[in-house]
Every structure is written in C-alpha cells, then in structure tokens.
Amino acid sequence: MAASVVVITRDQDTTADLVLLHLLRRGVEVARFDLGDFPERLRQVAYLVPGRKRWTGALVGQHRDVDLSAVRAIWYRKPSGVQLDPGMTTTEQRWALAEATMGLGGLLASLPGVHWVNHPHRNAQASLKPRQLAVADACGLAVPESLLTTSPERAREFCAAHRDRGVIYKPLHGGPGSEAGQHVALWADTVAAGEITEGVGRTCHLFQVRVPCAYAVRMTIVGERIFAVRLDTPPGSTAVDWRQVHDHLTYAPIDVPDEVADGMHRLMQVFGLTYSASDWIVTPAGVWTFIGDLNPNGQWGWLEHEAGMPIAAALADELVKEHA
Amino acid sequence: MTVTLVRPENQTDPLTFRPLPTTVSAPGVSQDAPSAGPTRPFGLTRTTELPQPKAPLPLDGLRYDPQRQLTITRDGEAAVSSVPLPLAVTHQNTQYDHQWVTDNDEG
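Quick note, the sequences are listed as chains H and U, same order. Final position of the first sequence in the working numbering is 324; the numbers increase by one with none missing. Final position of the second sequence in the working numbering is 1107; the numbers increase by one with none missing.
Hints listed in this document are in silico derivations from the structure and should not be mistaken for laboratory results. Every value quoted in this text rests on a predicted model; they were computed, and no experiment measured them. All C-beta atoms in this analysis are idealised placements derived from N, C-alpha and C, irrespective of residue type, glycine included. All the given hints hold, so there is nothing to weed out.
Distance windows between CB atoms, simulated: (1) H/D262 - U/R1040: 39 to 49 Å; (2) U/S1035 - H/A58: 43 to 53 Å; (3) U/V1029 - H/S110: 31 to 41 Å; (4) H/V287 - U/P1038: 29 to 39 Å; (5) U/R1040 - H/K53: 50 to 60 Å; (6) U/T1048 - H/P212: 21 to 31 Å; (7) H/A70 - U/R1040: 51 to 61 Å; (8) H/K53 - U/A1036: 52 to 62 Å; (9) H/R25 - U/T1045: 43 to 53 Å; (10) U/T1045 - H/D85: 37 to 47 Å; (11) H/G166 - U/L1050: 22 to 32 Å; (12) H/A160 - U/R1040: 21 to 31 Å; (13) H/Q269 - U/V1029: 38 to 48 Å.
Just a sample of chain U residues kept apart from chain H, beta carbon distances all over 10 Å, derived: (14) G1061; (15) R1074; (16) D1075; (17) G1076.
Given these sequences and hints, build the entire structure.
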C-alpha cells in the first residue's frame, strides 16, 4: 500500500519516532526520509502531463517509494541538508543545491490536497517576530510595547522612558551559536539606557517593555488542540529567559483562558499553521502576554516527557484525519 | 570591504529563500574575534559564553532502522519506548528535547 503520510526529518530525530510509533500502531502507511538522502539515495521521477493538472510519479528510495498521488499529509520537521556528490566542484555543488531544493521543494509544494504540518513556507513567514507581534495584537492578544530600530538614540530613549518597568533586548532570529572558538548563547535579557552602544546602528534590534512575570507558559497547538504547560523557574532565580535555567524548571499542565485560545486560533489561521509552540508570560495580574516567540516548528518532546502532554498522539491524529 | 562567505551551513541562512529549510545538528565553531567599539552590533555584546557541550552519551547498540523508520535498540525494540533516552540540552534555543544529539536549530 502506498504511503499516505510523509515525514521529512533526520534519521536521528527521535522526537519524530514518538509520532511514527503512533502511526505504525494504527496501521498507517508512512514514508520517512531525510533531505540528506536527496538526490543521491532518493531519486525523483515526476511528470506533468498536460490536462492532468498535477505532478505524478514518485520519490524512489532505497527502502520505499513515495507515490506522489497517494500523499495526503506531510510532516515537515527537522531534516538535515541535501547531500551532494562530494566529487563536484564548489561551483557545481552550489548550482546543484539550488536546483535540488527548487526541484524537490517545488514538487512537494505543488501537490494538491496535502495537509502540511507545517508547510515550510508558512513556517518562514511565521518565524518573523515583527509580523508575529503585529498579528498577535490584531488577533486581540496582549503583546508588550516594542521598539524595532537601528537608532541608538531611539533605543536609549525607549529604555529611559520605560526604566520603571525595565526593557528587554531579544534577538530577532537567535544567537550566532559560536564566536572566538566558544559556544555562545544570546538570551533575552534586561538592558538599561546606559548600556546601549552605537552598535545598535549595525543592524535591526528589538526592544520590549518588560512584562512582569508570575510564570512562563509554553503553549503547543496541534490543529484545534492546545497543550499548555506552566514553566516555573527555581525560587530565587533572576533569569529573564527560562532557557538560562532549563535544568531546574518545574512543569505543570495549565488551562488556557478562552479569549487567549480564541486569539491564538485566529493567529494560527492568519499564518496558515497547523502547529506551533509559542512562549508566553503570565503577569501577576493574570494577563497572558505573547512575547513574540511563536516557534512554528518548535520542540515539544520534552513536554510530553515532563508534563505528560499527549502531543505525539495529537500529531498522529492530525496527520491522518480527513481534511477538506 | 565586504566579503561573502559561502559555507554549507548557509543552508540555514534565514535571509535566503529556502524551499526546503534544513537544520544543522553540529555546526562548526566560529573562530572570528569580536569587533571592537561601535563596529560590534549591540545585540552581540549581550552574548554569554557557554560551557563546552556535554560529553557524548554512550549509545551503544542504538541504530536507525530504515525498514521500520525508527531508531531501535540492539534487541530490535523502538528506542523511544524501551530506553530512558537521555535529555540532551542545547543552551542556545528552546529545543530541549528527546534527542541524544545536540539540536542547534531555531525554536
């Protein structure tokens, strides 16, 4: 029987294994592959016959094939990169890489009636923090007052104007990973006017008025289902970003207020997402605040482990359910 | 002078249109020394040096089974249901997960 569900991720992605187990136990035909298999170990043979209005054919693997006509759902998780013949020159590899990603990516994007969790193009749009914050505000969700600037003067003014509550600097994409031979992190953290340098002018910088934090929440959404987990930092911790004290967090499932759930479903609809793993701050007054971390392909496996959230089963449900 | 570097990890460049975005599980370590004074982007003045990654955990007997499409133990059981998989951590992003490889991608 041809696979109806395709999972695209690394072989070593054991989080994906959790969902694969659910699918296999239900008798669902699944084809899993990594982009690292393409194009040398996963061959593409697709035809567009005029009048048929869709590409037909197959991705031919070493262990199984993907019949393009049978695919109903694709879970695009965390694949590694296309692996090219190392015998090619750098020029050849650059060209071949572009052709491979445009060819396979274009083919998959063109398949009609496929339910994506999530389509990578939508993930790309949903990863843009400035857009996340504006859409969240438009969807009725609480967001912090924010400044996106290349102006050191405006950054200092913003920090000075909000010094009573404090200001957070956070990167728009993430940290550099490493520098000067060391692994480095770039967490969200407080910043004062006197700390602002002319280096703000070197690129875009995002500043936000600090949201008073009673506790943080990671809200994982799969289709219509919401799995929210309260994250508490250890007593006495001054960490602004809970990733700083990851090993010492405590977890508890928590209900999401109806108005927040409604707003998030609207936001998911705007971005065309089926899945997200957003981060929230809940104030001492109980206001749930979206801080601009939607994480459209964020991790969830550790929450299933720590808080008993049945996210793997929900993802399996989403991949097999009938979609209009 | 502007120098454009083309590296394999550019597949993760967020500014490039990527029909098939990918992640790098073990990126190289940059040897670039930070710029001085106002050349240094403000955001990068806020980085925190991290301890060296934890030593690899012993994973003897675990392998990916392409037939079953799962990682399995030496006994042929699905690793996620039969082994208390270690929780590997990366300090860079919110990606603490059921994985024994450090996951350096976003989110």
